Every structure is written in C-alpha cells, then in structure tokens.
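> We have chain G already, so just place chain B on it with the hints.
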Amino acid sequence: MTPQPAPRPARQPQAAVGTPRSRVDGRLKVTGQARFAADHGPADGIDGIVHAVLVDATIGRGRITSIEARAALAVPDVLTVIHHGNAPRLPYRDNSFPDSIHPPGERLRAFQDNHVRFFGQPVAVVVATTLEAARHAARLVEVTYDAEPPQLDLVTAPAHEPDIYTRGDAAAALASAPVQLEMTYRMGRNHHNAMEPHAIVARWDGDRLTVWEKTQWVADPRNELAAVFGIPQAAVRCYSRFVGGAFGNSGRTWVHSVAAALAARELRRPVKLVLSRRQLYFGIGFRPAYEYGVRLGSERDGRLTAVVHDVRGETSRYERHSDDLALGRMLYDTPNFRQDVRLVPLDVNTPTWMRGPGWSTTATALETSLDELAHELGIDPIELRIRNEPADDPATGQPFSTRRLHECYTTGMREFGWHRRSSRPRAVREGDWLIGMGMAAGAYPAESAPAQAHARLGADGTVVVRSASSDMGPGTTTSMAQVAADALGLPMWSVQFQLGDSMMPPAPVHALAWTMASVGSAVQATCDRLRRKAVALAVGDDRSPLHGVPADEVVVRRGWLHTRADPRRGETYQQLLARNGRTHLEAVGGYEPPEEIRYSMYAYSAIFAEVAVDARLGIVRVRRMLGVFDAGRIVNPKLADSQAHGGMIGGLGQALLEHTVTDPRDGRILNANLADYLVPTNADATDIRAIYIEGVDNEAAPIGVKGLGEVVQVGVAPAIANAVFNATGRRVRDLPITPEALLMPR
Amino acid sequence: MRPYTFAQPRSVREALRGAGPDTAFLAGGTTLVDLMKLEVVTPERVVDINRLPLDGITLDHKGLHIGALERMSDVAADRRVRENYPMVAQALELSASAQLRNMASIGGNLLQRTRCGYFRDVSTPCNKREPGSGCSALEGINRGHAVLGTSDDCIASHPSDLAVPLVALSTVVHLASARGTRSVPLDTFYTLPGATPEVENVLRPNELITGITVPRSPWAAHSLYVKVRDRQSYEFALTSAAVALGMRGRTITSARVAAGGVGTRPWRLTAVERALTGRPATAATFEAAVVRAADGAQPREHNAFKPALLRRTLVRALTELQESR
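For the record, the sequence lines run as chains G and B.
Position one of the first sequence corresponds to residue 29 (my numbering), numbered consecutively onward.
Position one of the second sequence corresponds to residue 186 (my numbering), numbered consecutively onward.
So here's chain G without its partners, still in its complex pose (with noise of 0.2 Å):
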C-alpha cells in the first residue's frame, strides 16, 4: 500500500478522528430517552394534540364513487374525517429539485381527486381526540370504488421509452466474442422496514407551521409542505432530532405528512400522524424490483470485450423513479458497453431510494454473471476480476482518485482462506450441508454537496456545533463531534453536535453516504475557523502567554493553547476568553464542492461469503461473510462497523429472505408485517467481520473519507448467491434464492 499524508490543513493533531468511539446519544437511546417524531407532545409545547389515522383504498386502480362517514363521525370523541369530497384544493406549488428529491412527474396528492392509482393509497383521513376513536372511525368510513384492473406486471407491462448508456459497438464485439454468455436476472421488491415507523406531529401557529417529522433531511418537509400549502419556505419549521432507522426511505416527503399538515390546519389543532406497519408498506417507498438481462462476450482468458445489460424496473404511472445503475460502466475495464434502462410504470406507488440505491441492483446482475463467466471459463473468479480491472474510469477515461479494489481482493482473499475454495461446485460436503464460497465487489459514487455549519464556544470552553444534518442511525451526532473536536483541540466531552432542526445552517438530504464529505468537512471548515479566531485573539493579546507567536505555530490540545515548540507555553480557552472578556466566540464555515471534478471518486467492496446448503432441503444459511472495504479515511471504527454489519446483513436479506409479496390480481401486499416479510435474525447473521483498507481520499472530500454507508451492502447479494452455486453448482438467479428454487427439478 502506498502511503499517503494525512490531511492535515488545520496542522492539528488527530486525537479523536479514527478512534472508536461510542455513540454520544446511545444511552439517551437505549433509555427511551431520546424522543422521536412521535413521542413529541405536552413536553415540548405542544398542547392538544389530537389524533389522525389515515384510511387506505382497497383496490388497485379506479375511482372513488362515493365515502360514506357518518358512522365515523358519530363515534365519540371524532372531530373529522377529511376526503376528497370536502378537502379544500391545495396549491400544490411546483417542488422540484433541488429544493426536494421528488423524481420526475406528478406528485401523488392528499385528497384532492377522486383516483385511486395503487393499493392502499390514502382516501380519507380520520381525526379524533383518542387514537383509539381514530382508529375505529377509519374503520367505520365506507368507501365505494369503481374499480380498473391495476397493471402490475413487471415483464409484460408496456415500458417508458429506454435511457441508453453506450459506448464502443457493444453488438458488434458481442457478436465476435470467442466466449459469449446471456442471463436473466430478477431482484424482488424489498421494503426498508426501519424499527421507527414514519410519524409526524404538525402544528400551525397562524400562518406558521411547525412539524416534528420522521425524516433524512429537514429542509424537505419545509420545502414540501412550503411548496404544498402555498407559503413561504421560512413559514415552515421542521425537527428531526432522532431518527429510528430509515435507509432511504426518508428522504423525501410522502403524502400522509401532508394528510397531518392539512387536518392540522382545518381543526387548527396539532395534529399527529403515525403510520401504522402494514402502511409502511404502500405509504412510503421501497426498492424496485427488476428484470435483468445481461450479455458477456469475452475472450478466453476472461477480458472482457463486450458487456451488454438490458433492465426494466418498476415504478409507479405517476411518477419515474429511476435508480442510478452506473456500477456496470466503470467497475471493469471493457471497451463496449451498452445499456437499455426501461421504467415500467405500474399501479403502484412510487419507489424511492433503499440503501446501495441502484448500485447494489446492479451489483446482484454484474457480479452474478462476472462469476458465471469465471465458472465457464474455469478462472478464479477474483483472478477475473483481477484481468479487468481498468486503469482509468473506463466510462470517462478520468484517472480514480483511489481505487483500492485489488488490495481489497488481496486482504480478502487472505483474511477469508479464499484457497480452501474448491473451484468445481458441489464439492465440499459436511453430512447433510453443501459448503461453498463467493465473492464479488461492488462500488459506490464518493460523492458531495454543499453545506454549513455554525460553531460557538463558551466561556467555560465547551462548543456547539449545529447543521441542519439527521441522524438516521450512522452515528452522524458522535462522529461530527470527533471532527469538531480535534479541529478545536477538544476533549470530546466538552463538544456538541446538534442537528435535525431546519432553522440550522443548511446540509445536503442526510443519504447517498455522503454526509460525512460534506457535513464533516463543512465542520471541518467551520472550527478550523473558529480555533484560528481563538489563536489570533490569544497571539494579538500582550496579556496573554502566546502574545507574538506567529499564528501558524499555536496548536490545541485539550483545550491548551500552546506553541509547537513549548507545550507548556500556553493557556486555556476559558483564561483566554474571560481575560478578553468575551461571553463566546464563534464562527460559521461550510464547504462547496469543487466545481470541475477531475478525478473518477469512488468508494468499492469485495464481499467474501460462506453458505452451507442444506442438500436435501434445500435452505440456505450464511456461515460468516467478510466485507473488505475502501472507503477512505475512517471516523469512528466502532459506528464503520455497525454501518458495515448492518449493510452486509441488509444485503444478505436481500439474497435470502426479503420479498414484497403483492398479490396480481389488486396489488394488495401479502406480507405487510413484520411476520411475514422475513429479514434477517441474529440467528441468520452470525459471524459478520468488516475489514477496511487504510488510507485516505484528498479528492473526495477535504476530510478524506469516500463515504461507506452504501457501499456497505453493494455487492454482499450476489457474493451470497455465488456462493450457493459454488456449494451446489445450482445457478439461481432470482432473488431472494428460496429452498423451492434449490429442490425444483432442473
């Protein structure tokens, strides 16, 4: 490994940067302490409260013909049921990127028509004073339809024209190709299932509105609700201190938020919305299933000359989520390449963005067929891997910032005893168990945006650092605090990060792991700031021991101000702030990306899996998996670990287990509960490890990190079903790999 300096801009020294540390708010948490979107009330001044529960439709597709609500309303303790039929015509300004992360087209809208466009859209909200009555009430409203058989078949369904990626004569090297290979791939929906379910409390004060909302980004209720009630974005405040897990499907504002936003405003009540577990599962959005096909042409050593990938993917009439399926451009070094990605709109509602959006997708096709084509060949898949690995981004002849993919493979393949795989499947037995192993690897974009933060420490020199970040459950609170830490010399007691309230200065939709590039540099920035402002007070102070100390040779630690030279030449934060009688000091800073990218900046796995199959019954169960990873400089050891494990047992659901099951005939969703749609147990997830390949990126971000809550669960699914075949040489390629799929007769 090549070494490479630390970033070292504020010439401070690293004391809390790269250390494990454990989560500042994990006692608040585990004590039921830390207060979520619903658990907000009485406490925080919200008087009043009443409550909503929203009324879904019960066929596919059509129209509305009549809602009956008087039973509702003579349920005691009822104030309202509100339905297209009395809901006041809503603004609905337009809202469009990048004040929110709607996809293109029209935004599904609370009661302002009579169309029914997916199974369980909500026709009608219930408020009453109890929750119980709501409840009972959203039972009693009786609602008839005209009913349309919904389209909801993925494979047969007409498509949106394709979005093409090419380059090279992908047809044409395929046809010559001494080897050529050509799959099918089929990906199941799968749905977040975060613990917290999506909740809002909202609260209008005149023309002001307040929400407390389960989100990954504060400033897109504000914008939304701003956009939808037709009021000025600064009219509208949203907080989001805590949030229960979320993977992506928080990132944008669904339409109950407006349900609650709008109930609130005709009662002139705070109103609270909680989405009940079987909501969770048409009420906000999923991952979409795909169909993919894929075509190999290779020369017999296994270069690969032509790769051609033909996708549909599901997403509702009304909107077009598209998934970002780059991996297959840039992961390998192949000169033609051609890619049709067809949106199939359905009678359903829109997908969103699931952790490894897109990325992983095409990690389960890619990396399945990269190790059918080592199969055929009979070469290792990783020496595969190895033959085509590019110089430069193949899609834009870019040179990688990093690109530690090979020393992933290396560290891998030793950590994990890849030797003691057997090349020729079906060949390792334990009694009743086929044993096998698989990799494959994955990348995600190390991508940033733009954003702010404010710093102010106080005379008795502790600090509080504030952006408008969330907290979905990386650890985002603790590990901010290590970076404002060792840019002001702090111990990290006496640092406090706060985020989640969207009067703070502005940070990017908390997702698309970029949070630390750029909410972490932007504090970077901001206490670099804030501690030179202190070094220049202390430096420019005849009363103070550094008086004439070029400013450059005063570093912190600990809250010491002291010369490089003479440690004990010095003073504290507080001696310096109370001689110059000064309450606080404080500063604001931020970070912009640059704005010409020179360099290919991503973030790669290799993905080690072993399985035992069952050879009579054909259940699968991963025996340990190994994640091997590049993804620049690590914060904070510990949290990188819990974003590992979590990404590698979400991609071992995804292999194995998760599955919307939605039934053709009116897209009711069969298994919308925790029951029924099986993720992972501890008991599936047993012996995980994560190794991460030292090293930093200056090009991603000025912190040095390529982000690596994505990256995480990009290619753990095909690792998993490649090793399936290598225990029973049975090619399963639809996920999730089930026992039936293994006992079918060929």
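Don't read these hints as lab results, they were simulated from the structure.
Note that this is a predicted model, so its numbers are computed, not measured.
C-beta atoms are modelled at their ideal positions from N, C-alpha and C, and glycine is treated no differently.
Certain hints may be false.
Claimed, not checked - Going by beta-carbon spacing under 10 Å, a handful of chain G positions derived as facing chain B: (1) Asp84; (2) Val183; (3) Leu645; (4) Pro767.
Just chain B now, kept in the frame of chain G:
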C-alpha cells in the same frame, strides 16, 4: 379498535358464566390481540382468563399434564418435558420468537389462527373469516398454504408447531363448559375445512380448554421435531415433521409421525407409521415409508414444492432421530 367489555374472573365457573359466540378468552393475547387490532376478530366481550387456576406441569404414570395457561417458554424449559417428550420441547422452542413464547399459552397455541394473509385482511374475501364470501388464496399467493386436507373453500394451513408432536403422541385436550367437562383426542379436536372453514375444531362457543394430557409411551422419549423455514428464527414452518420411534435393537416396534406446514390441521401420517413399524431403522426403510406421505396432496401455484419437501423433511427427521441414539 371496537369497544368491548372486559372481565377478569378468578374461577373457571365464573369465566364460563354468560360465555357465548361473541366472547373471546384472553390468555397470552399473542393471537387474539393481533387479530382484534386487524378487526379479523371482533368480540363483544373479552374474558381475561389469566387468573384462573389452569397452570401446572405434572408427570405421572398416565403421562404429562399441562395446564392451559402454562406459557410456551416455561413448558419448553421444563426438565421433565425435555427428557420425556423432547420433540414437544423442540417444537415449542422453534415456535415464534422468545418474546412471544414468554407470553403465549399452551391452550392459546392450540387455538391460534392461520397465518393466511387473506384471512388477516378484512378487505378481501375469506370463507374462514366471512363464510360464503369466497377464498382469495386459491388463485392468489399461496406459498405458505396447505396441500393436505384442503377444500374448494379453504386452503389455509394450520400454524401451530406444538400441535404437530402433540397429535403424533395422541394427546388429549381437556375442555370445560357450564355443562361440565369432557376430554377429546387432539387429532379429532381439529376439523377439516370442508364447506365450513370457519369451524376449525369441536370446541363449543361456551367451552374453554383447561389443559392437555400427553400419554406416557415408550417412544415419546425417543422423538424429534424438524422444522424447515427460510430464516432461522421467528417464522412459520414451510414443512415440519414430528417423529417418535419405539425400538427393539435396530427394529422399529412402533412409530408416531405427524407433519406441519402442509395440512389444514396438524397432519398425522398413520400410513407412514405403519410402513415403518416392524422394519429395520435404515435409510431404505425411511425412504420407502415416506413415498406416499403426501398422497392426496392438492398443491397450488406457489406451494407445489411442499409434497416433495414434506417427504424430505420426514426422512431428515427419521434419519437424525436414528443417528441420535
């Protein structure tokens, strides 16, 4: 949730007073409360029976007696159960999740309702929930559904793991009503759906399970429960097998075999038992004995794998049991 009245009696007599078709008995609540939230079950009266003296586990010369209110986790942990009826403890431990097992009662387990997604969704037809409305599962998503004992009106599978070994071991259910008590073999306690899938057992509306007796037998201690499912915990069985063998040397002198996940009720396989009895406990015997285990199965679109998987599950259970000697 609909309004209902709530009572907490202290005696069986008191509990049964006034019980009728609109009364629901609440024990662990893991099925009842779930289904009440979904409005699949809408009792007007809920009688909490947790204060009734229906607990206790005893073992005597007649067999194992378990009170209806014993919790699944307590029964599974009981040394007498584990030693003398291992497959009963195994079936309990492979059921649900630890949290549910801590709450759920034995009586409630035997009465738990099917996991059919259409049964649990009041916005779709279901003959079991609403007689005569039709069966949505026949032409719908039916991977988890039954292949044995089905009818044109219902293919819902019986969800209980525990009931499978209990049926194999000729367990007797003790019932009480205002008119007195009676005992019914568990195998005939459950009824086939036929044209009346809303009727699942012979329990009368004003009747309560007070306990069960699992008879003593030379084979119960040599028994095994195998459960096949996608994930390793907290999932209903795709297929399961409860097997108990009485042995003399290498010869099977008696066999008790039942299957779960495949039937509209726990499915005793007497033909397999007969084919095993008197034969040597060998792979050949096992393979031959299960050949006709799924005779009469009526697979649907998504559960066509179940007959084959059932045979394999049975062979696995028999083989593992034999190897454990």
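> Does each hint hold? Answer for all of them.
We went through each hint and held it up to the structure:
1. Asp84: holds (8 Å)
2. Val183: violated (16 Å)
3. Leu645: holds (5 Å)
4. Pro767: holds (7 Å)
Checked against the numbered hints given earlier, the structure breaks only hint 2 and satisfies all the rest.
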